[in-house]
Amino acid sequence: MDKTEKTEDSYASTRMNFPDDESKLRWLPMLLDAYAIIDKGIALAIRNEEHRLDKKLACRRGCSNCCSTHSDIPVYPLELVGIYWFCIEKITQPVRNVIIGHLSGFEKSMPCPFLVNSSCSIHMLRPVSCRQFNVFGKTCEEGEDPYYTRRDDVLTPLEEYTKQAFSVMLPFYGITGETDKIYAIENGLIHAHVRILQALDWKELAKRMEEFDSKKASF
Numbered sequence: 002m003d004k005t006e007k008t009e010d011s012y013a014s015t016r017m018n019f020p021d022d023e024s025k026l027r028w029l030p031m032l033l034d035a036y037a038i039i040d041k042g043i044a045l046a047i048r049n050e051e052h053r054l055d056k057k058l059a060c061r062r063g064c065s066n067c068c069s070t071h072s073d074i075p076v077y078p079l080e081l082v083g084i085y086w087f088c089i090e091k092i093t094q095p096v097r098n099v100i101i102g103h104l105s106g107f108e109k110s111m112p113c114p115f116l117v118n119s120s121c122s123i124h125m126l127r128p129v130s131c132r133q134f135n136v137f138g139k140t141c142e143e144g145e146d147p148y149y150t151r152r153d154d155v156l157t158p159l160e161e162y163t164k165q166a167f168s169v170m171l172p173f174y175g176i177t178g179e180t181d182k183i184y185a186i187e188n189g190l191i192h193a194h195v196r197i198l199q200a201l202d203w204k205e206l207a208k209r210m211e212e213f214d215s216k217k218a219s220f
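Position one of the sequence shown corresponds to residue 2 (our numbering), numbered consecutively onward.
Simulated from the structure, these hints should not be mistaken for laboratory data. Computed from a predicted model, the values in this text were never measured in an experiment.
Here are the simulated lysine-lysine pairs, DSSO-like style, with alpha carbons at most 30 angstroms apart:
| hint | residue 1 | residue 2 |
| --- | --- | --- |
| 1 | 182 | 164 |
| 2 | 164 | 91 |
| 3 | 56 | 164 |
| 4 | 25 | 91 |
| 5 | 109 | 139 |
| 6 | 216 | 91 |
| 7 | 216 | 204 |
| 8 | 25 | 164 |
| 9 | 25 | 216 |
Here are the in silico distance ranges between beta carbons for each label pair:
| hint | residue 1 | residue 2 | range |
| --- | --- | --- | --- |
| 10 | 25 | 150 | 44 to 52 angstroms |
| 11 | 22 | 95 | 21 to 29 angstroms |
| 12 | 55 | 188 | 35 to 43 angstroms |
Built from N, CA and C at the ideal position, the CB exists for glycine as well.
Let's have the full structure, built from the sequences with the hints guiding it.
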């Protein structure tokens with residue numbers, strides 16, 4: 002094999018690790034394992050599409066067009082639990098106060114409340130849908146949703162990795178047997194739980210972040 006050729010293992014993602022939290026929160030290893038699978042699949046899909054399209058990935062650090070233009074970002078209950086945990090216990094100042102302000106005044110028509118200075122403040126715990134949305138060729142025009150304007154430039158994720166990641170998440174919803182998992186995945190049962198990020202009332206999260214800060218300050 003040519004030394005420059007990459008195997009599938011070369012694209013293995015680096016799994017996020019929070020050992021202390023994972024030992025206490027039974028759902029957290031599921032979520033982190035699922036995200037590692039998704040990230041690996043996305044890396045492989047990007048490699049394949051760059052070769053097929055002869056175009057490079059357009060998404061870059063600081064590019065946040067999709068965070069502003071997408072009005073229906075799907076998010077699953079386990080992901081919501083992860084976002085709440087990450088915001089309440091892990092995000093620090095000065096970004097923390099900015100997020101609390103965004104969440105407290107959030108309205109459905111606004112950009113994603115976790116967008117701070119053109120960056121995703123919950124990037125480590127961003128939902129599957131955000132992880133999978135990638136665009137090739139030119140960067141997006143202001144206000145453009147390339148899924149509708151140039152669908153061929155939008156990444157199609159590898160289905161096998163998406164199914165595997167959702168299978169890892171299923172015990173959170175009480176589905177543990179392998180046969181039951183296969184049935185749930187093949188019939189899309191997990192999608193019955195999906196919520197739309199922009200339709201959620203984020204004021205509750207802002208309140209919990211402030212309560213957490215007050216408790217810390219009292220010690």
